[in-house]
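K.L.:
Bring the two chains, given one by one in their own frames, into a single complex with the hints.
Now for the letters of each chain:
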Amino acid sequence: MTEKITPDQILASADSLRWEAGANLHDTLMESIYADAGRIADRTVTRQDEQPKFTFDRTVDRLVTSRWLGFPLMLLMLAVVFWLTIEGANTPSKILATLLIDDTHPVLKDLATAAGLPWWLDGLLIDGMYLAMAWVIAVMLPPMAIFFPLFTLLEDFGYLPRVAFNLDNLFKKSGAHGKQALTMAMGFGCNAAAIVSTRIIDSPRERLIAIITNNFALCNGRWPTQILIASIFIGGLVPAHWAGLVSATAVVSVAVLGIVLSFAVSWGLSHTILKGEASAFSLELPPYRPPRILRTIYTSIIDRTLIVLWRAVVFAIPAGAAIWLASNIDIDGISIAERFISGSDPFALLIGLNGVILLAYIVAIPANEIVIPTILMLTVQSARVAGFGEGAGVMFELDSETDTAAIFSAGGWTLLTAVNLMLFSLVHNPCSTTLYTIYQETKSIKWTAVSGLLPIAMGFALCFFVTQIWYLVEGR
Amino acid sequence: MATPTKSTGKSSCEACPAHHAGNLIKLGVNMANWDYVVALAGNPNTGKSTVFNALTGLRQHTGNWPGKTVVRAEGGFSYQDQRYKLVDLPGTYSLLSTSTDEEVARDFILFGRPDVTVIVVDATRLERNLNLVLQVLEITDRAIVCLNLIDEAKRHGFTLDERTLARDLGVPVVPTAARQNEGIPQLIYAISEVASGQVVCKPHQIEARESEPLTQAIDKLSGEVATAFPGLANARWVAMRLLEGDPRIIQAVRSGELGELNQTTAVTAGELELAETT
Chain A
1 MTEKITPDQI
11 LASADSLRWE
21 AGANLHDTLM
31 ESIYADAGRI
41 ADRTVTRQDE
51 QPKFTFDRTV
61 DRLVTSRWLG
71 FPLMLLMLAV
81 VFWLTIEGAN
91 TPSKILATLL
101 IDDTHPVLKD
111 LATAAGLPWW
121 LDGLLIDGMY
131 LAMAWVIAVM
141 LPPMAIFFPL
151 FTLLEDFGYL
161 PRVAFNLDNL
171 FKKSGAHGKQ
181 ALTMAMGFGC
191 NAAAIVSTRI
201 IDSPRERLIA
211 IITNNFALCN
221 GRWPTQILIA
231 SIFIGGLVPA
241 HWAGLVSATA
251 VVSVAVLGIV
261 LSFAVSWGLS
271 HTILKGEASA
281 FSLELPPYRP
291 PRILRTIYTS
301 IIDRTLIVLW
311 RAVVFAIPAG
321 AAIWLASNID
331 IDGISIAERF
341 ISGSDPFALL
351 IGLNGVILLA
361 YIVAIPANEI
371 VIPTILMLTV
381 QSARVAGFGE
391 GAGVMFELDS
401 ETDTAAIFSA
411 GGWTLLTAVN
421 LMLFSLVHNP
431 CSTTLYTIYQ
441 ETKSIKWTAV
451 SGLLPIAMGF
461 ALCFFVTQIW
471 YLVEGR
Chain B
1 MATPTKSTGK
11 SSCEACPAHH
21 AGNLIKLGVN
31 MANWDYVVAL
41 AGNPNTGKST
51 VFNALTGLRQ
61 HTGNWPGKTV
71 VRAEGGFSYQ
81 DQRYKLVDLP
91 GTYSLLSTST
101 DEEVARDFIL
111 FGRPDVTVIV
121 VDATRLERNL
131 NLVLQVLEIT
141 DRAIVCLNLI
151 DEAKRHGFTL
161 DERTLARDLG
171 VPVVPTAARQ
181 NEGIPQLIYA
191 ISEVASGQVV
201 CKPHQIEARE
211 SEPLTQAIDK
221 LSGEVATAFP
231 GLANARWVAM
241 RLLEGDPRII
251 QAVRSGELGE
261 LNQTTAVTAG
271 ELELAETT
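Chains as they are written, first to last, in my numbering: chain A, 1 to 476; chain B, 1 to 278.
Here chain B stands alone, though its shape is the one from the complex (with noise of 0.2 Å):
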């Protein structure tokens, strides 16, 4: 095999990600003690157990999600001596509305706080895909948009500019073919920047521009909700939800329960409700 050139010195190659793959240990479903939690969310049908596979080395089952018997399929890997677990969420087109599996989605990325959130998108039907990544971002600032079936999008004779996309989202946007390994490398990377803190997004947040009552009825619930539980990430979203009437929300807002979400320290493990699958 002709590699074009073999360098010996290591700091040239420090900050190439495609280096950085050569430290992924994929660990299956041996992850015990693991340092970062990573969810993934996404659209049905993106590919999202394709990655997720590619990551841990596993063999999920690719398909959908029936609609009841809805699971979380987990599972590990290690890159640069830090343990990453991986949680394949149901796969959903939003986390608005009433179904099961949306809500597992939306309280293991509200309720779970995973370090980091990766919302896999198909890229040949950015739009649509685009709607449920809104909403994620809503809720988690520590996001990353995995582009993935880029090379699908290629062959429809897209083009797609990841750079302006990553600008208008505010979080990273790593195009990926998974089925290929293409850009997996570049995702795992991603992942271990977000995960320690190195890269701080600013994500996009919606807004009701059409309807000036209900901007004022959200800014005015955030800032009360921001009040009453300082340092929570996603006072919006929970005022948007509250106005909604959404159960959940209500309860966990009665409980006191999204105040304990409003440390912005790490999560220590034992907290996550993964109990129950595991």
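Pulled out of the complex, with its shape left as it was, chain A reads as follows (with noise of 0.2 Å):
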């Protein structure tokens, strides 16, 4: 070759000639690597024995990760998981309902009168921060108890990466990042702690797609609602022994339609706001490991749950003191969480809600786990169910599920509003603590209202139009 070619000949004849080597460039690369990197192991490698444990995980990857029985058993175990979570928490809930609300209560309200408190401390106090405390405990600790340790048992043994590769072509097609599946893995545990590990996700389009939709994981503190409000109106149109069963998959089919909204949302937002191409990874399954059971279970109950218990405990107490103040200072006669109530309700059965869930949303931003105990509480008080509660404001006593069923009918729930009360719970803002954290990632106050807004104005369509549909069938 006599004649110099410039770099910018090179680079116009790469260009062209990209087009002519055809579309998979870089898969074609990678598979001819994958090809000549086992052809060569092959012939260096000889196996003297059958190894166990190789063809034990063999087998068993090729059933959670087969095409067609990956996404089967991928429900049948989360419905497994929480079938065991609802049947197992019933009576250590009803347990500790009776220790900290039935005993506890009416001996520190004898105490504070022994005391001589005023009657508004008292009530700020016991009724509010006290009740609001035993409540989430109450509510909250049996199942966390259950449900962490079975869910860190799948992750212990190797479970949870098989996840991802089931749902990495999926990501893929949305033009998401094929590790938001695990990014996602995280968020059924905690949002904010997964937005923080999206810095696993190198491209910022990508991540900031995998930060926005990372709300549609239904987190632990939204775990609880759903399981209790499938476990009243889902398990109760079905006979007993049933039960359990029927509101185990009714859990499952909401957790599975966030993951579905997730992809949606991704594809949606990688096709307008945030354009480009899903870029590769690759991604190692570790080999099996028998689960380390005691260890498994020590960790999750001290590194989990009772970190999450302690959160909601610490969101609770201030929680309690503001519903308490809500219900007692009255405007004219009427106190403002009732002004708030009747004033929302129009727009709030629009879209098969109430007052009362609406208000409870607003009082449980900072912590999504306390919804329940804000809502049960807020209808009581509302509906001025005879028999419950011991004023303005105090969160009563529950001991079963048959109470509180009846404290919903009374407040004019009806299947509808649960529903749509598990879809609210799915698709609405991120609670305060994951949107500081997104800020904090991202630094950017657009990207933040992005993930707060677009949740929640998808959550208020979504209900409209179910309940529009609802009662069309029903022939409203």
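Source of the hints: derived by calculation from the structure; they are not laboratory data. Just to be clear, a hint being listed does not mean it is correct.
[Stated by the list, open to error] Negatives, chain B to chain A, calculated, CB over 10 Å:
#: 1; residue: F111
#: 2; residue: Q180
#: 3; residue: N181
#: 4; residue: G197
[Unchecked claim] SDA-like mimics (lysine to any residue), calculated; alpha carbons at most 20 Å apart, straight line:
#: 5; chain 1: B; residue 1: K154; chain 2: A; residue 2: R43
#: 6; chain 1: A; residue 1: K275; chain 2: A; residue 2: V450
#: 7; chain 1: B; residue 1: K220; chain 2: A; residue 2: N24
#: 8; chain 1: B; residue 1: K154; chain 2: A; residue 2: R47
For glycine and all other residues, C-beta sits at the position ideal for the given N, C-alpha and C.
P.N.:
If you want it as structure tokens, here you go:
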């Protein structure tokens, strides 16, 4: 060669050759590397004896990542976990409620009277703060103490990377990064932690998609809401021995809807404001390890259950105070809470919810965990259910699901309200901790606002459509 | 301690790697005025840092590299009056995709031009590890495969024929069990041989056999790259990256940075982009 080739000529030639080389250039190259690696490895390695561990791994992997069985097995496994949680949490919840609310609350009230506390201080401290805290513990501790160890066992066994593997292709089709499957799996634990974990995604575009859609992974603050509402309303539709199974199915359906929404929103974002191609990555499927059961139970109770519970309690105490104050500060004889509830009812009913639920979600912005206690308390208070509660702003006693169901029906709840509450609990703004984390990670008010407002708008729209269709079918 | 034969004549032992290991001086972080730069690459969790520690006497924290805080650990050793600087690169599964750790590893192997790149592989997961090996061999022809965790492979009932592997890959292969210090003397010996040019590698090349148009495109473009940058060791790899539209490589072509890589003479130490971490 005599003529000199300039860099620009090379680049131009690369641009034109790129079209001739075929569309899946990257994949073709990767495939040839894998083929060569496989061929060379086969020539080098000989197995003296069948290794049972490796064969076991492969058999399991063939099943759980199979095209046909992968998804059904994933759903089945989730369903079993929820079924065990729902069935197992019932009795300990009752015991805790009896202990903390039925037994301890009156004792505290007596002590307050004996100490001569003014009625407002007594109400604020014991009927507001203490009851909110007791409530959160009774409702949340048992399901968490069952759910987290089970989930951690699955994680420890090596199942989560397989879930990511199964979902990778769908994420790629949505224009998102395959690692989003991993951050979403973390979101099932805590959205705020998952937002931080999106750092594993390097492309800023794909990372933003992962951040905005992470909220659609039901976090542990929302699992109890789902489980409780499903047990009361959905489980209540069928004979008792089917109830656990049916409510578990309902919870799994909501979780799956979250995953579907996550794909849909990723697709929408990557085709509108966050356009671009998905980038490839390699994911290691680690060997299956026999889970260390006792250690897992210990660490998941210490690391997850107690930490989440502590957070819930910390947020529940001021929320309890806020609820009590809202119910006891009157303007022209009507409390602030009641004013808000009756004021927002027309709008709320349009989307199949009610004013109580909306107010509860505002009170629960700091922590999703306290939505259910708040709703129950406000329902009792605004519906003035006879026999429950001891006065305005008191979180009442709840010793069984039947009692809870009675309160809900007195508050005008229907199956539609329950379904919409479950949907709204999935699709609404992230909690304040998550929003703050999003701001910390993106340093952008715009994207934080998008992450907060997009789900809430979607939640309203979703509930509105469900309600209107429900009415149509019912023939109203 | 009973030593079977205590040879007095030096000449008979000269060629034995075990003898040379006696000449190893671990320099820790004291690595001024090095003669050769050695890069350590490999998948995560293959014992790269264990190898690093065995060679330098340092106690580099062994563990995964977190996503964003990508740091290169550096240390040194001296062997037969030659000083070697060892750079522990982030563990990666490939050098093709876009993450920061992969970019750090790749840029160092490409632009840092280490005299030797030691690729540490997990012998129990050879196939997956070879994906990275094949990619490194596209970039540099001065490489050694360190077949680590060979003890674990034996325990799992695998036999690995390192000679077949060395022939197929076209580079020296040294089986090691770095945790027990097994094979480290042989590894040092292999490093010195490749660094000094006593051993010349003929590395395996990736071929896109399935896709005729792609093969033709790579051949045509790599011809052009080789003409523009004569003496460049990795024209084929550059061509593949250009076809994939890798912005870093496009920039290197445009700025002529790639042209500076074509000198086959040893790099002077000052050229290496090490200042940022030291």
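K.L.:
Checked against the structure, which of the hints given earlier come out wrong?
P.N.:
As far as the earlier hints go, not one is violated by this structure.
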